[in-house]
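Starting from the structure of chain A, add chain B where the hints point.
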Amino acid sequence: MSFEAPPSRTALGDAFTQVGMLLNFSVRTFSTLGTVLARRRLAWREVLEQAWFLASVTTFPSLLVTIPLGVVVALNVGSMAGQLGAEGYGGAVVAFVIVAQASPLICALMISGVGGSAMCADLGARKIREEVDAMEVMGIPAVERFVVPRVLAAILVTALLACLVMAVGITASFAFQVIVLGDSPGSFLASLTQFSRLEDFLVAELKAVCFGILAALVSCFKGLTAKGGPSGVGDAVNEAVVLAFILVFVANTVLTELYSAIVPARGAY
Amino acid sequence: MAVGILGGYPARAARPVVDAFAALGLHSTFYARVLLHVPTAMRRYWRHVIRHVSEISFGSASLLAGGGTIGVVFAMSAVASTQIGLEGYRGLDLIGLSPMTGLMSALVNTREIAPVVASIALAAKVGTGFTAQLGAMRISDEIDALETMAVPSLPFLVSTRMAAAFISVIPLYLVGLFASYAATNLAVVNIKGQSSGTYDYYFHLVLTPTDVGYSLLKAVIFAMIITLVHCGYGYYAGGGPEGVGKAAGRALRTSIVAVTVLDVVLTLAFWGPRPTLPGLGT
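Those protein sequences? They're chains A and B, same order as listed.
In terms of my numbering, the first sequence opens at residue 71 and continues consecutively.
In terms of my numbering, the second sequence opens at residue 926 and continues consecutively.
For reference, chain A alone in the conformation it holds in the complex (with noise of 0.2 Å):
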């Protein structure tokens, strides 16, 4: 089983081509990721290493982005809140925009810019010396072998991570606010216990590891699908960052709105 795309003249043809081999990759990979865990032979080794990888490239990064980001959200909503005559709504905003936007999408960007582009350039460069044919024809798929134990590890590590940048970023905003504006910590606090809920946690945790999976699915296929010399591997990079920044940016749309749907929101300020 190879991953060749088949020639294609028009630039929205290649584009049909892409989309389906994508979903294709995607069916086999989850088909895949049933078979081995029915008959027990998942490459545990080669999880874990990679989460190990994953998580010592990403978590450094998260951090030094989520303190900043919490800075801004303090700084707009302490403005704003204060001149609308609600001050004590900085703890509200804090959960909302923290908890249920900014870690899974800050989780998404880390996996699928900095481990993403180093799984694809693996995969990648494995593709064009012809290993990963090699390994096809000795037997070992290259979707049970490499794939599957990537996006298991993507999905563990995003999980864990979403929690770190959550607390990081609630922490903070709260300093920030308190510390360098002098705002009172209680009335951020009691917002911030009032309007935050279970299902807001929750979900945030679901969509990380959706982001986890689909930047992960990106990496792969686009790595496994690289050609022409180190220069292919290079552009086949790029465009998995690419597609992946735009995938989880529109799945965060869907299911922040699917989410909003099912469940209405609560509390009274």
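Some hints could be false.
[What the hints assert, rightly or not] A few chain A residues facing chain B, derived, Cβ under 8 Å:
(1) Val-135
(2) Leu-139
(3) Val-141
(4) Val-142
(5) Met-150
(6) Val-163
(7) Phe-166
(8) Asp-192
(9) Ile-249
(10) Leu-251
(11) Phe-315
(12) Ile-316
(13) Phe-319
Hints listed in this document are in silico derivations from the structure and should not be mistaken for laboratory results.
As the structure is a computational prediction, the values presented were derived from the model and not from experiment.
We treat Cβ as the ideally placed atom computed from N, Cα and C, and that holds for glycine.
Positioned in the frame of chain A, the structure of chain B alone reads:
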């Protein structure tokens, strides 16, 4: 110019720290030289600058990867700002202030979301593209070949890209900003069903030309940083095809972190620690 300039140092323990400082120095010198050579590049290689402008704006990649940067910037800004509209409405509705969603669109889109999202789109599309191109040239010894032919590789390859990025970011960013405003408007008026008059009133009340100017300035600064960082990682790439891909990832990480940190600094510099809302008389 070799990358491994510190090959012979004996102190093993201090190696990572020394290497980090050496890389910092290498990249900083690179940035300074790129910026200094921009006038030369504009004068001598203006044809290449024009070619890069068209490549950056409309691109040659497949339609699936967004069909050029303009498509990527438009799509990502529109989706992110739809989110602002929907979530902002929901948030303000809790305190009975949903009519003021227009105010949030004018404020948050202009000051934070549009510059940051457009920069992330630029970094993903243009930036990693630059790293991939320059890295492929580096590992297939094309940059050394240029130097051998007495073509100064840095102005020819990097300063031309820098000038092209500077020229194309302004229209690209304005397209992104337009997409942000249009998407938030669409989300609030058509999806949440707020009256368009109320939305427009608060939107125009708070939107000032100064804010739009600062917002554009933010985007231009971010684009400069992104181009420099990504070109630097590509120019000094090594380690075969895989090394190029890894360099693209590292460049993306560095530029996203730099953009978010600079965003706070610039927000504080432009609007102060207690930003005020124009038009509300407070």
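query = What are the numbers of the hints that this structure violates, sorted from low to high?
reply = Violated hint: only 9; rest satisfied.
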